[in-house]
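Residues per chain are reported as follows:
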Amino acid sequence: MSDESRPVSARSGPVATRIAIVTRLAWLLVLVLTAVFHFLRGAPVDAWIFLGGAVVIALDGLGWLRIPLRAMPDRETLSRRIVAYTLIGVAAVTFAFAPLYGGVDTAIVIGIGVLLLPVVWADRPRASGAGDTGATDEGATDAATTGVGAKAAVRRAAIAWSAVIVAGCAWEIAVFFLGRSSPTAENDFPALSDLVDPAVAWPPARAALVVLWLAGGYALIRRGRR
Amino acid sequence: MRDVTIAGFLLCGLAMAVLVLQSHRDPLRIAPFSTLLDVVLADRAARFTILLFWWWLGWHFLVVPPMP
Chain A
1 MSDESRPVSA
11 RSGPVATRIA
21 IVTRLAWLLV
31 LVLTAVFHFL
41 RGAPVDAWIF
51 LGGAVVIALD
61 GLGWLRIPLR
71 AMPDRETLSR
81 RIVAYTLIGV
91 AAVTFAFAPL
101 YGGVDTAIVI
111 GIGVLLLPVV
121 WADRPRASGA
131 GDTGATDEGA
141 TDAATTGVGA
151 KAAVRRAAIA
161 WSAVIVAGCA
171 WEIAVFFLGR
181 SSPTAENDFP
191 ALSDLVDPAV
201 AWPPARAALV
211 VLWLAGGYAL
221 IRRGRR
Chain B
1001 MRDVTIAGFL
1011 LCGLAMAVLV
1021 LQSHRDPLRI
1031 APFSTLLDVV
1041 LADRAARFTI
1051 LLFWWWLGWH
1061 FLVVPPMP
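Chains as they are written, first to last, in the numbering used here: chain A, 1 to 226; chain B, 1001 to 1068.
Pulled out of the complex, with its shape left as it was, chain B reads as follows (with noise of 0.2 Å):
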């Protein structure tokens, strides 16, 4: 189950590398994630919140120990 739990992740991330990928090669089918990010962070609420998700990466890989 691990390797399948594993495969799970790393399948976002290849979803996210194909979206990446796509939107290069036709961006008038799917925007850029520059764009799109252009776009959403030009509101504050969506600025904040995406921004504080960022922040949280950083507590909690860097300052906050692993559960044990």
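Just chain A, with the same shape it has in the complex (with noise of 0.2 Å):
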């Protein structure tokens, strides 16, 4: 198992260890499925993206990619918000002026997914005060979940979530399929592409959807380590 795996079994038991493995298999199942859609699609490229991502978690669950990094405690400081979205705004700039589809934005996005590697990968810090031994980021989840109410409470949000989330993917790929059915079709059941790439292409509505993609990201990384 991963250097992340192991202190939930060291403080919780088998138990814990079945649902940590049943739980990463979902993760990689979700990759697998998305690859295999892809490949459906006529998106190779697309599909071996994901199915890259799907190799990489199931390399790590099995232990053999051993890459020691350690996240740094989240201190958000004013100078560092100015920054992120200092950047933010120079890449949606870039993003508006820049030739749609061309090389700049390829090079941005790519320079993107590569920097924030490690960053993602890195352990998050336990909670403060939670010893030295062992405990990675789960610390950080007992915190924010002390108490039989806020445990239940998250529970209750992450059962909302996913069914709202795999509603929205199973009606995506329905209307996939039904475009497909006929030549007409596709007028009828457009998928979410066909509904915001005509934005994409207006240069200010391209650069609104480009801050509104990096401050998703920005929140995202800074998740998971509280």
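FYI, nobody ran anything at the bench for these hints, they're computed from the structure.
Remember, predicted model here, so these are calculated numbers, not experimental data.
Glycine included, C-beta positions come from ideal geometry on N, C-alpha and C.
Mixed in with the good hints there might be a few duds.
Unchecked claim - Some, not all, of what chain B presents toward chain A, calculated at C-beta under 7 Å:
id : residue
1  : 1002
2  : 1005
3  : 1007
4  : 1015
5  : 1016
6  : 1019
7  : 1024
8  : 1042
9  : 1054
10 : 1055
11 : 1059
12 : 1065
Said to hold, decoys possible - Computed, partial: chain B to chain A, Cβ under 10 Å:
id : residue
13 : 1001
14 : 1009
15 : 1012
16 : 1025
17 : 1027
18 : 1031
19 : 1032
20 : 1033
21 : 1053
22 : 1056
23 : 1057
24 : 1062
25 : 1063
26 : 1064
27 : 1066
What the hints assert, rightly or not - Residues of chain A clear of chain B, computed beta-carbon distances all greater than 12 Å:
id : residue
28 : 18
29 : 23
30 : 39
31 : 77
32 : 81
33 : 82
34 : 83
35 : 90
With the hints as a guide, dock the two chains, each given alone in a separate frame, to form the complex.
In structure tokens:
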């Protein structure tokens, strides 16, 4: 098992270990199913991206990827926020003025992905006062879910959000297959991409979407470490 | 049918907005999305998967031209 899954078993026994393994397999399945869908829709590059992610998760779960990275505690300072929002602004302006689907766009998106890899991979620091042996990410988890009521609230939120996201994905997949049923069906059943792409073609809207996308990513990478 | 299709996507967005509002109104019943993310993203597999999906959105909309 990887470094991250050990503390669970050390603290909570075999049941927690089983839960951790099942959870990891569930994420793996999500990535594999997404890859299969992209193969079906004729987007092999997208499929290989998700399949590659699945391989990485599998190798990490088997303990064959040992990359000792540990994230710094998240100290949200004004200067860090200013730097982040400035970079997001610069990227938005660059995307707005660069040729659509050109080399600059590709370089920036790939560069962001490569730069974020170690940030995403790094073990999250424990909640303060949790000692210094073994526990990593799950310490923060415990701090965020202390108390039976809080845990139940998190469980309910997880179920509700999962239901909405699964429904959205099912709708998108259904629309995709219905749109392929006849030449005129594509207009009746537009995929989400078909609805968003015209906005991407208009530079101001593209800049706004880039701001939304990058701000979302900035918010995501700061989560899971408190 | 086009309107129905679009309404389905809007309904999903509306459901997300309702969840956000409800969690702010009664966080002990439904935990805020930020709390849920703190719990879920503490695990590397989840973090990697969710950030990969986020990154792919940029790839899909900004790098890959729409299919003809």
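Original post:
Holds or violated: is the Cβ of residue 1055/B closer than 7 Å to a Cβ in chain A?
Top reply: Holds, because the Cβ-Cβ distance from residue 1055/B to chain A comes to roughly 5 Å (cut-off 7 Å).
Original post:
Do the numbers back the hint for residue 1025/B, that is, is its least Cβ distance to chain A under 10 Å?
Top reply: violated (12 Å)
Original post:
Taking 10 Å as the limit, does the beta-carbon of residue 1031/B come near enough to a beta-carbon in chain A?
Top reply: Hint on residue 1031/B: holds, closest Cβ of chain A at ~4 Å, below 10 Å.
Original post:
Checking the smallest CB distance to chain B, is residue 82/A really beyond 12 Å?
Top reply: holds (21 Å)
Subject >> Restraint satisfaction for residue 1042/B [CB to CB of chain A, less than 7 Å] >> reply: holds (4 Å)
Subject >> Interface hint status, residue 1012/B versus chain A (Cβ within 10 Å) >> reply: holds (4 Å)
Subject >> Restraint outcome when residue 1015/B is required to lie within 7 Å of chain A by C-beta distance >> reply: holds (5 Å)
Subject >> Least C-beta distance between residue 39/A and chain B, which was stated to exceed 12 Å >> reply: holds (14 Å)
Original post:
Per the stated criterion, does the least C-beta distance between residue 23/A and chain B lie above 12 Å, as a non-interface residue requires?
Top reply: violated (7 Å)
**OP:** May I ask you to test the interface hint for residue 1016/B with respect to chain A, counting a Cβ-Cβ separation under 7 Å as satisfied?
**Re:** holds (6 Å)
Original post:
Was the hint right that residue 1001/B lines chain A, CB cutoff 10 Å?
Top reply: holds (4 Å)
**OP:** Classify the hint on residue 1002/B as holds or violated, based on whether any CB of chain A lies nearer than 7 Å to its CB.
**Re:** Hint holds; residue 1002/B Cβ to chain A Cβ min 5 Å, cut 7 Å.
Hints 3, 7, 16 and 29 from the earlier list are contradicted by this structure; the remaining hints agree with it.
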